[in-house]
Amino acid sequence: MHEIELRQLRCLVAIVDEGTFTDAAIALGVSQAAVSRTLAGLERTLGVRLLRRTSREVTPTATGLRVVAQARRVLADVADLVQEATSGHTRLRIGYAWSAVGRHTVAFQRRWTAAHPGTDLHLVRVNTASAGLGEGACDLAVVRRPLEDRRFDTALVGLERRLCALATDDPLARRRSVRLADLTGRILWVDRRTGTTTPELWPPGSRPTVQETHDVDDWLTVIAAGRGIGVTAESTAHQYPRPGIVYRPVRDAEPVAVRLAWWRDDPHPALETVLELLSELYRTG
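Using this note's numbering, read the sequence shown as starting at 18 and increasing by one per residue.
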């Protein structure tokens with residue numbers, strides 16, 4: 018494995034961009050001799066000639082052109098890596114699987130922006146059990162089912178009613194609310210990876226028939242078509258109003274716990290602030 022250093026790649030790119038060794042040395046803040054030694058070391062390591070030098074100009078060889086293009090990509094990736102590792106105070110990504118924080122989502126975004134203008138808030142939908150936390154797609158995650166992975170900690174921020182999603186022409190859609198017993202024998206569409214509803218919500222012997230879907234859009238589509246029903250947290254109704262679907266409270270179903278999750282050994286600097294704000298919104302909203 019060739020030992021190539023970032024300073025060598027920066028030197029190569031600087032020579033090509035500036036046009037001369039002298040100007041590259043000025044841009045890099047080093048001596049011209051240091052630029053020459055660094056480039057020579059890179060060419061020696063690679064075993065190829067990268068630049069063609071004359072008394073008037075410096076131009077890349079054919080191989081040099083390819084190496085310079087790759088060097089630019091490597092340096093850009095390294096810059097992104099540094100930004101990713103050090104952006105805790107300037108960026109906050111909160112993941113969620115189906116719905117963010119329901120009817121509190123807009124208020125949460127607006128209040129965060131007003132109180133913390135220096136930290137950009139991004140809500141990211143990732144349909145995994147950890148809502149993107151385990152995949153590195155977010156810094157914190159809103160989850161509505163227990164996380165068994167011991168790498169994560171969670172805290173309760175609020176509770177949401179459980180609603181039944183029905184096609185508008187379903188006979189139960191005419192009611193103001195339903196009971197679990199009303200749904201016995203129906204086809205229940207669930208997402209086993211991230212959904213909040215399982216057949217165990219019903220007593221044994223009176224459970225609906227379960228069909229599996231893999232995304233909230235698919236879930237909404239099959240329910241609107243009259244192919245079954247869904248039971249979900251109240252936040253889904255606020256985030257996904259859909260023509261052809263109505264949501265009705267399930268009077269005798271336990272509420273859905275909404276939790277904020279984070280990495281146990283590497284919590285985001287904004288964790289406590291987010292916990293306080295979300296808890297307040299659920300408490301007062």
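In case anyone wonders, no lab produced these hints; they're calculated from the structure.
Watch out, some of these pointers could steer you wrong.
Using C-beta positions, here's what the derived DEER-type ranges look like [what the hints assert, rightly or not]:
no.: 1; residue 1: SER296; residue 2: ARG83; range: 53 to 59 Å
no.: 2; residue 1: ASP34; residue 2: GLN228; range: 54 to 60 Å
no.: 3; residue 1: GLY46; residue 2: ASP170; range: 40 to 46 Å
no.: 4; residue 1: GLY36; residue 2: ASP170; range: 25 to 31 Å
no.: 5; residue 1: ALA198; residue 2: ALA93; range: 45 to 51 Å
no.: 6; residue 1: GLN228; residue 2: ARG167; range: 50 to 56 Å
no.: 7; residue 1: ASP166; residue 2: GLU229; range: 20 to 26 Å
In this text, a Cβ means the ideal position worked out from N, Cα and C, and glycines have one as well.
Verification of the supplied hints:
no., hint, result
1, SER296 / ARG83: 53 to 59 Å, "55 Å, holds"
2, ASP34 / GLN228: 54 to 60 Å, "59 Å, holds"
3, GLY46 / ASP170: 40 to 46 Å, "45 Å, holds"
4, GLY36 / ASP170: 25 to 31 Å, "54 Å, violated"
5, ALA198 / ALA93: 45 to 51 Å, "59 Å, violated"
6, GLN228 / ARG167: 50 to 56 Å, "32 Å, violated"
7, ASP166 / GLU229: 20 to 26 Å, "22 Å, holds"
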